[in-house]
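For chain L, the structure is supplied; the task is to place chain E on it using the hints.
2 protein chains.
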Amino acid sequence: MNLILLNNDDFTDPTRVRLSGRRLEHIVNIQRASIGDTLRVGEINGLSGTGKILSLSNEELEMEVQLDQSPPEPLPITLLLALPRPKMLKRVLQSVSSLGVKQIYLINSYRVDKSFWGSPLLQPEKLREQLILGLEQARDTLLPEVHLQPRFKPFVEDELPEIIGKSDAYIAHPGATMPCPKALDQEITLAIGPEGGFIPYEVEKLQTCGFVPITLGERILRVETAVPVLLSRLTP
Amino acid sequence: MNLILLNNDDFTDPTRVRLSGRRLEHIVNIQRASIGDTLRVGEINGLSGTGKILSLSNEELEMEVQLDQSPPEPLPITLLLALPRPKMLKRVLQSVSSLGVKQIYLINSYRVDKSFWGSPLLQPEKLREQLILGLEQARDTLLPEVHLQPRFKPFVEDELPEIIGKSDAYIAHPGATMPCPKALDQEITLAIGPEGGFIPYEVEKLQTCGFVPITLGERILRVETAVPVLLSRLTP
Chain L
1 MNLILLNNDD FTDPTRVRLS GRRLEHIVNI QRASIGDTLR VGEINGLSGT
51 GKILSLSNEE LEMEVQLDQS PPEPLPITLL LALPRPKMLK RVLQSVSSLG
101 VKQIYLINSY RVDKSFWGSP LLQPEKLREQ LILGLEQARD TLLPEVHLQP
151 RFKPFVEDEL PEIIGKSDAY IAHPGATMPC PKALDQEITL AIGPEGGFIP
201 YEVEKLQTCG FVPITLGERI LRVETAVPVL LSRLTP
Chain E
1 MNLILLNNDD FTDPTRVRLS GRRLEHIVNI QRASIGDTLR VGEINGLSGT
51 GKILSLSNEE LEMEVQLDQS PPEPLPITLL LALPRPKMLK RVLQSVSSLG
101 VKQIYLINSY RVDKSFWGSP LLQPEKLREQ LILGLEQARD TLLPEVHLQP
151 RFKPFVEDEL PEIIGKSDAY IAHPGATMPC PKALDQEITL AIGPEGGFIP
201 YEVEKLQTCG FVPITLGERI LRVETAVPVL LSRLTP
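Chain order of the listed sequences is L and E. The UniProt record's numbering puts the last residue of the first sequence at 236; the count rises by one with no breaks. The UniProt record's numbering puts the last residue of the second sequence at 236; the count rises by one with no breaks.
Quick caveat, the hints were computed from the structure, so don't treat them as lab data. One or more hints might be untrue.
Unchecked claim - Straight-line alpha carbon distances no greater than 27 Å define the calculated DSS-like cross-link-like pairs of lysine-lysine that follow:
1. Lys87(E) - Lys87(L)
2. Lys126(L) - Lys90(E)
3. Lys90(L) - Lys90(E)
4. Lys90(L) - Lys126(E)
5. Lys182(E) - Lys102(L)
6. Lys87(E) - Lys102(E)
7. Lys166(L) - Lys153(L)
8. Lys90(L) - Lys153(L)
9. Lys114(L) - Lys205(L)
10. Lys166(E) - Lys205(E)
11. Lys87(L) - Lys205(E)
12. Lys126(E) - Lys182(L)
Here chain L stands alone, though its shape is the one from the complex (with noise of 0.2 Å):
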């Protein structure tokens, strides 16, 4: 947690807020910060700055608030990712959380296990949280949106031509021939495919909606690692 994030909630009048669980534990038992102190803090979708702790109990902390810096860049990529397996769903989502990006879609493909579906993970609170976790890691404040898009063929047709916009649009994947272009100064849309790759009829149907397939090379990488390459490369 290299910055406190601060809900709407927090707030008990403009410059003051009030925090008690996850928050306050990381404060005392991590950072072992006590009265006095000044922590970096920001608020959801909003700015960050300092907060000074004004009172520390086992219950809650109450702090002073400075906001006034913008937070870091956003990633200028769309991520259409086939939904992982939970465990790793968790993982990615904090990684690219952190590293900026702000649409994800979270979409079906025929290799994609039916009952990932079904987990947990996906209820919007929990998506939430290994979002939040990741923009304390990376200090930033703007909430990544994640759609869940179950259904790949209506997705495709009837709403991705309007996502990808002018975007340059990327099928990462291990059958294509042209390499990953490097550093595009540009919008990108970037779908990346289940373990096993999309099956073909989805990288037609993608091709067709303007996704040109890419690759980096021969070696094949686990979602959770091919993420963070692709995302580099592909940025300035």
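For chain E alone, coordinates are given in the frame of chain L:
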């Protein structure tokens, strides 16, 4: 497992192998292969190619193998990594192995919890398991070497200069001002600190040794995210 890795012990003659245990299970339950099927195989530290299943039972499988392809190119990076907590170490070793790093030094740092050095995961056969998982994922055969360096100062003073040799040496350091260079066409030695970073004394020692601090920008990333991002930026 995108490649079945073979040990010396598996060979019953130069073109025949017998497998049991984890690999047999994977071939039967995940790949759902049967007699006559051809699978992608590779010999540890050797060539890769194909294996044709000759016989198959609950206990073992026999394959005829033809090994004639070179493994993917190694990444020209020697990695120095402050020892992460065991759970993260597992994932980082798999990821680094799949990305093609061949020399990994797990080093000490003030912010490395002493207990991590007692982890059973640091036993050679346990480390090897994680590295093998990475190779199987990336269809590589060249086993990375992991060196344990539980004493920072003697390692940096006595061994590190020779390890660096003529390579470009960088420390990933959130406090640095120089942005991470891109697509370098040469050997690189990269040092990555613990969560919380190297302390100033350690950064100085590494700088004296020739390391240049670099940054990925405002966002502070977890080690498991920072590693693939850095490796992918630094290499062509």
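* Would you list, in rising numerical order, the hints stated earlier that this structure does not obey? => 11 and 12
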